[in-house]
Amino acid sequence: MEVSLKTRLGPIELSHPVINASGTFDVLSADLVLEEDLFDRFPFSAYVPKTVTLKPRRGNPPPRLYETAAGLLNSIGLANAGIDAFIREDLPRLAQLPVPVIASVAGESTDEYGACAGLMEGRPEVAAVELNVSCPNLELGGRALGLDPERTHRTVALAREATSKFLIVKLTPNVTDIVEIASAAVDAGADALSLINTVHGMALDRYHLKPVLGHLSGGLSGPAIKPVALRAVFLVSRAFASLPIIGMGGVTDGQDALEFLAAGAAAVAVGTASFRDPLAAAGIANELRKLMQERGIGSVAELSGLAQR
Amino acid sequence: MDAGLIPANLYECPVVESRQVGAYRQVSFVAPEIAALAQPGQFMMVRLAGKSLDPLLPRPMGVHDVDSDLVKMIIDPVGKGSVALAGAAVGDRLSVLGPLGCGFDLEGAGPAVLVAGGMGAAPLTMLARALAARGREVACILGFKTRSQAMVSELYRDVHVEVVTEDGSAGRCGLACDLLPGLVEKRRGRELPEIFACGPAEMLAEVARMARKHGARAQVSVAAHMACGIGSCQGCAVSRSGGYVKACTDGPVFDAEDLQWR
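Taken in sequence, the protein lines are chains A and B.
The opening residue of the first sequence carries number 1 in the numbering used here; numbering runs sequentially from there.
The opening residue of the second sequence carries number 1 in the numbering used here; numbering runs sequentially from there.
With the rest of the complex left out, here is chain A:
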């Protein structure tokens, strides 16, 4: 049977449901290193660059990475060259990609989120803005904004005022009730949600028995967190039936993508799996098509939310 992988995030049409998670695929670097013309053959149906902040950030002291059982701990610390450099140097090149670009922004304060979102307004090369209110490595005063419903609301509302772009809010799973945080984001004007960012975690050096990461703790990603992510997508999707959700957290093969869509996502993002195999996303989309074919599911719309019904 004919299967259509087309899906949409509000007004943004995607040729298939597999996009990348912010910070896990740098197309400008990968295009130089991988012997493949990524601007011609791009594995994702939309591109989300690494989160940028108003001012440049050095990031956290190394070590920044540690592999755990089927997972990866990171404490990169939102290292980035700042939003001005992003607009000046990266955006003109990203505009050449054959897919929509979703700019990911974060602030060191609520105001900075508004300022960053505002700087994306009126830029035709940016299809949507993703607010990263959930980075576990950017905790000013010890807390990510997205840990608190009221601060989430205030942050999203400021960004909503600053831009008419399609507004995606990326939430942290490190909360008591993710539906409550999702509700705050939606009330404040979020058009879609990304679920989930990494899960708080720590690893000890096996010999010295001290934290491995320079930042002491970090965010866990990869197959290890898939059940946590799937639950978040299921619960939020059940509470907000028509809200587009980008499901992420351990998506490694077509079956994972199938399950996230069934749980209620409209698209999925591949993160850690791209570290394992830089163009894994293309294989995941192909496997998804095959699995839908085998099950007689003709479209993403038909699949999305199947687990709820």
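One or more hints might be untrue.
What the hints assert, rightly or not - The calculated DSS-like cross-link candidates involving lysine-lysine, where the alpha carbons are at most 25 Å apart (straight line), are:
| # | chain 1 | residue 1 | chain 2 | residue 2 |
| --- | --- | --- | --- | --- |
| 1 | A | Lys210 | B | Lys80 |
| 2 | B | Lys80 | B | Lys51 |
| 3 | B | Lys72 | B | Lys145 |
| 4 | A | Lys210 | B | Lys145 |
| 5 | B | Lys51 | A | Lys290 |
| 6 | B | Lys80 | B | Lys186 |
| 7 | B | Lys213 | B | Lys186 |
| 8 | A | Lys290 | A | Lys6 |
| 9 | B | Lys72 | B | Lys51 |
It should be emphasised that the hints constitute simulated quantities derived from the structure, not laboratory data.
Starting from the known structure of chain A, arrange chain B on it as the hints suggest.
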């Protein structure tokens, strides 16, 4: 969307030989393209091919040597990823992306002193040969903890090698850097040697300090935890004044004076 989008520099490579070299494991696999292209100091991202999710990610492995169609790597089986790679048997297949990163700059002239600590000895064999082929006088100082590690020094051929061990069980007793001033200072009044180093961070810091003191150029190959090897994850940060650089795409070989040393 394309069926099977695979970058041309990602290969599936059969293992053809695996043997113990003292404390380390030497694994050879068939990778004609990497063997043809690899420069001394470059690395590869390597994992066992297949679907197993534990270990999850490839590991950065220095190119130890190439021989016709074969690429060789030396593994120190200390963690989950390296133990899995060291266990690769003849006939097993490896997923290999490479060659990656910037290798050593070979363009200088004059004598070369190579300094290695432990596993750092692996990538320098190819460098020693390349420098000798350019007519440069090459001396190597290889430092190890023990005699079983020092057995890797047998892989160095046709160059002058001094072995040092911390426990004195092979060669001289001490650290690799103990011999460096002697090699640099005995050349007083003549052309200063260029230093090439690979090993633990403390050793590289000492090499950088000595090179600065004597006014010699030092190129160092750094090790860092890496997830992707292609500049995406920003995990392999290395300190430079004013910020960090990436070991994977900015390095792994740097001019010692460009980095910030503790």
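These are the hints, each one checked on the structure:
no.: 1; hint: A/Lys210 - B/Lys80; result: holds (18 Å)
no.: 2; hint: B/Lys80 - B/Lys51; result: holds (16 Å)
no.: 3; hint: B/Lys72 - B/Lys145; result: holds (23 Å)
no.: 4; hint: A/Lys210 - B/Lys145; result: holds (23 Å)
no.: 5; hint: B/Lys51 - A/Lys290; result: holds (18 Å)
no.: 6; hint: B/Lys80 - B/Lys186; result: violated (44 Å)
no.: 7; hint: B/Lys213 - B/Lys186; result: holds (15 Å)
no.: 8; hint: A/Lys290 - A/Lys6; result: holds (14 Å)
no.: 9; hint: B/Lys72 - B/Lys51; result: holds (24 Å)
Violated hints amount to a single one, hint 6; each of the other numbered hints is respected by the structure.
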